[in-house]
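S.K.: Chain by chain, the residues run as shown.
2 protein chains.
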Amino acid sequence: MKKEEQKEKHELGITAEKDEFSDWFTQLIQKAELIEYTNVSGCYVLRPRCYFIWEQIQKCFDEKIKKDGVKNVYFPLLIPESFLLKEKEHVEGFSPEVAWITQTGDTKLPEKLAVRPTSESIMYPSYSKWIRSWRDLPLRLNQWCNVVRWEFKNPVPLIRSREFLWQEGHTVFSTREEAEKEAEKIQQFYADVYKEMYAVPVIKGIKTDKEKFAGAERTLTTEVFLPSGKCAQAGTAHNLGQNFSKAFNIQFKDKDEKSKYPWQNSWGLSTRSIGIAIMMHSDNKGLVLSPKVSDVQVMIVPIFKTDDEKKQILKEAEKIKENLKKQDVRIEIDLRETSPGFKFNDLELKGVPLRLELGPKDLKEKQVFSCRRDTGKKEPIKIIDLEKKVPKVLEDIHSNLYKKAEDYLRSNVSQVKTMPELIEAIKNKKLAKAEWCSDKDCEDWVKTKTEGAKIICTIDEKAKGKCIYCDKKSDQVVYIAKSY
Amino acid sequence: MKKEEQKEKHELGITAEKDEFSDWFTQLIQKAELIEYTNVSGCYVLRPRCYFIWEQIQKCFDEKIKKDGVKNVYFPLLIPESFLLKEKEHVEGFSPEVAWITQTGDTKLPEKLAVRPTSESIMYPSYSKWIRSWRDLPLRLNQWCNVVRWEFKNPVPLIRSREFLWQEGHTVFSTREEAEKEAEKIQQFYADVYKEMYAVPVIKGIKTDKEKFAGAERTLTTEVFLPSGKCAQAGTAHNLGQNFSKAFNIQFKDKDEKSKYPWQNSWGLSTRSIGIAIMMHSDNKGLVLSPKVSDVQVMIVPIFKTDDEKKQILKEAEKIKENLKKQDVRIEIDLRETSPGFKFNDLELKGVPLRLELGPKDLKEKQVFSCRRDTGKKEPIKIIDLEKKVPKVLEDIHSNLYKKAEDYLRSNVSQVKTMPELIEAIKNKKLAKAEWCSDKDCEDWVKTKTEGAKIICTIDEKAKGKCIYCDKKSDQVVYIAKSY
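Chains as they are written, first to last, in our numbering: chain A, 22 to 505; chain B, 22 to 505.
Rather than coming from a laboratory, the hints here were simulated on the basis of the structure. Take the hints with a grain of salt, since some may be wrong.
Repeated chains share a single entry, so a pair holds when one copy, or any two copies, can fit it.
What the hints assert, rightly or not - In silico lysine-lysine, BS3-like type, Cα no more than 27 Å apart, as pairs:
no. : residue 1 : residue 2
1   : Lys470    : Lys450
2   : Lys398    : Lys364
3   : Lys92     : Lys313
4   : Lys364    : Lys276
5   : Lys470    : Lys487
Just so it is clear, the structure is predicted and the values come from calculations on it, not from any experiment.
The whole structure should be built from the sequences, with the hints applied where relevant.
M.R.: Encoded structure:
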């Protein structure tokens, strides 16, 4: 690399290594033009390349739930304080983070309005009007919207921002069994979205009582173990039991003519998922993403010296582009007036999954020179084979990313039986697998002794030993790690 | 109609006539299960049947602008007060309606945050970072989001609500000409969306300086003249000139190496459009909507007495449903345990465009009995012809609604030359067409003398006479009406 190019790369590329995790991440998302900071701390701009990812996730998940019978709605952003106060645990969980509207124009409001941190308390008063009989159930509604949670922890774009976009499903059933079955189904939908769209494997589990959603009976979670050695909650489905139906007086007349409180779920997947996917796959050169969510999947880089070459090369590039568009490939030609070397670095930084170089020599050989972002592997592809091969390469990039992430997860699980083993595992950025007696004190001690790691979730495996902290018989298998 | 049915209809149907407009409208949208009121005045729930409409509009418009090169983004909901203050006219226009966040949790914020009433002032600080050179232009971004405007006028669901959903496009160009051309294109897109999706004809015009967007040089508008005799602003595109680029210091280095302020547009279409379409087509029986935006386009009503009949009828209904689904018809079977008469009234109330009745006699004749919501016209259709005929009938309903609305508009324009003629026209709920000298005083007098009618817009016709108010030579042809 020439000195000038090196300098260019230094300024434009990422100067932090992936193991200086947070610095690497914040540089990456800005330089890859995904995120822009604003003057409001904790609130960020989702730039077009980033919002595009969200649109793909919306399409995928929206299709799944609509096919399953869920309907979309929109409830107001603003929640009267008195509504928020109705479910005790819920308000305790959320009120420290609520952004309050106290004034409109110059006029003080008679009652403060919360900007929704989540919509249970604005939706369920309507539910109590709509639900009268077992015939009205199940009621399964979802909304795509923004929410605000004014957290005090250090904000990280996408991962922990004070405003984020999400979907929130709110469903009501006659029986506990139906509700539980649905929550499990949604948890699986989330796992599927991560696998199909982000090429990210998740862990499915259940949150401990301490970590569950404020007001829920049980939170089913999907968690991702990231290369930083920390877990991130990826999507959750909450069994609310009858807590909210009692608090909001939702009752239905059942087939036996008796009035009953129904069983509810709420479930959400947010733009945090974008941050998780970026953290999982990206590297020191910049963004790596599945082609499924990349706005540009293939970029043709034309290489030429003379005007005559330029004309020929661009003509061929245009032809390739049109043909691949017909295969539903999102493809563009990089027409910027900069050197090919600059473009290669920049396209790597921005995470374009496949680059096709087309120069005079290639043209003569009726080929392009392809370069995969995920592996860096370079090979010539005959132009005549592009329509067949490119979609396959894109599929293969997705599978390869998933496989790598799965291998990473598998090889970083560390089975621990004692506290020293646990502390060591956490220090080594492992995902510790342990057993636990279900006692909240032991859970607290785990956090204290590991300096911040927590029980991420319990998993569906039979416990057979002793609790990681105390000597009592364990009844749960759990994952323990630090988390975002 | 039997007495009982009459009573049933009285309770369930709409009790106000369409000419008691506002009462009719608020009953209609609630009874047709489009809107639910909440405890926050001016904020409403968009129920599934209503949100479905918005999803169709989003799909249609999103496709148009993406094809035209616009990209979607998401900017923060919350705007620091100091940002909002940057463009003088803009802040004067919006600050009386702003909902202010002054507190998060128990902590008072150092600077108030506005819930976006529109996003110019949060987007353009980023634009000033992103735009450096003519190569960065045009920049054409759009976002789909919610906005809050705490208006003091009496709120009307969908038409004037304190929170609404919309898209806001924000674009930047090197030259005034490009910006003006785009604004005209967007105005046409809005007209097309209304025509293609809602079957509603719009008037294209330009707002007077008094009525234009706060901070704009010029507002291109689409307006709909409604059966209530009032106009509603349907979608607007604003030429912002260089007002905002100067206020937010957006500059670019042009091809001639000189620093220049670029030219900007902003443009928006909101959920108000749903209210406009409902007001335009609906009648005393309830909702009438184009099949293009109806969640259920066709409802099969099975009619039977014996269990044996039921079995046969439902089997055939299911077959019809599956066949029509293959033609992309949104079709359902009304399986509710109520009388056919109840269902007919209810389906009319809810605006299902086409009803197919299927009874034992029809089954024998291998036909269904169809009833169109728009005309009430009933006719048998052979079951074998359904796949061919139903999509055509749905198309015809759309065209018929558009034609009726166009006829209504055409036949209600009243050419006026004097103030008494104008006052008479407004009293008779006409859309007055007049000439105007462009003087703001005359505009104010028109409003005063007509008790609230205003110049809706100027239109692209040559003025040749005198101003409607003064004796001076006119230079504009305008529409005058009351408005929402």
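S.K.: Now tell me if each hint is right for this structure.
M.R.: Hint check results:
1. Lys470 with Lys450: within (15 Å within a copy, 77 Å between copies)
2. Lys398 with Lys364: within (17 Å within a copy, 64 Å between copies)
3. Lys92 with Lys313: Both: 25 Å inside a chain and 18 Å across chains, each within 27 Å.
4. Lys364 with Lys276: between (67 Å within a copy, 22 Å between copies)
5. Lys470 with Lys487: Within one copy only: 18 Å inside, 87 Å across.
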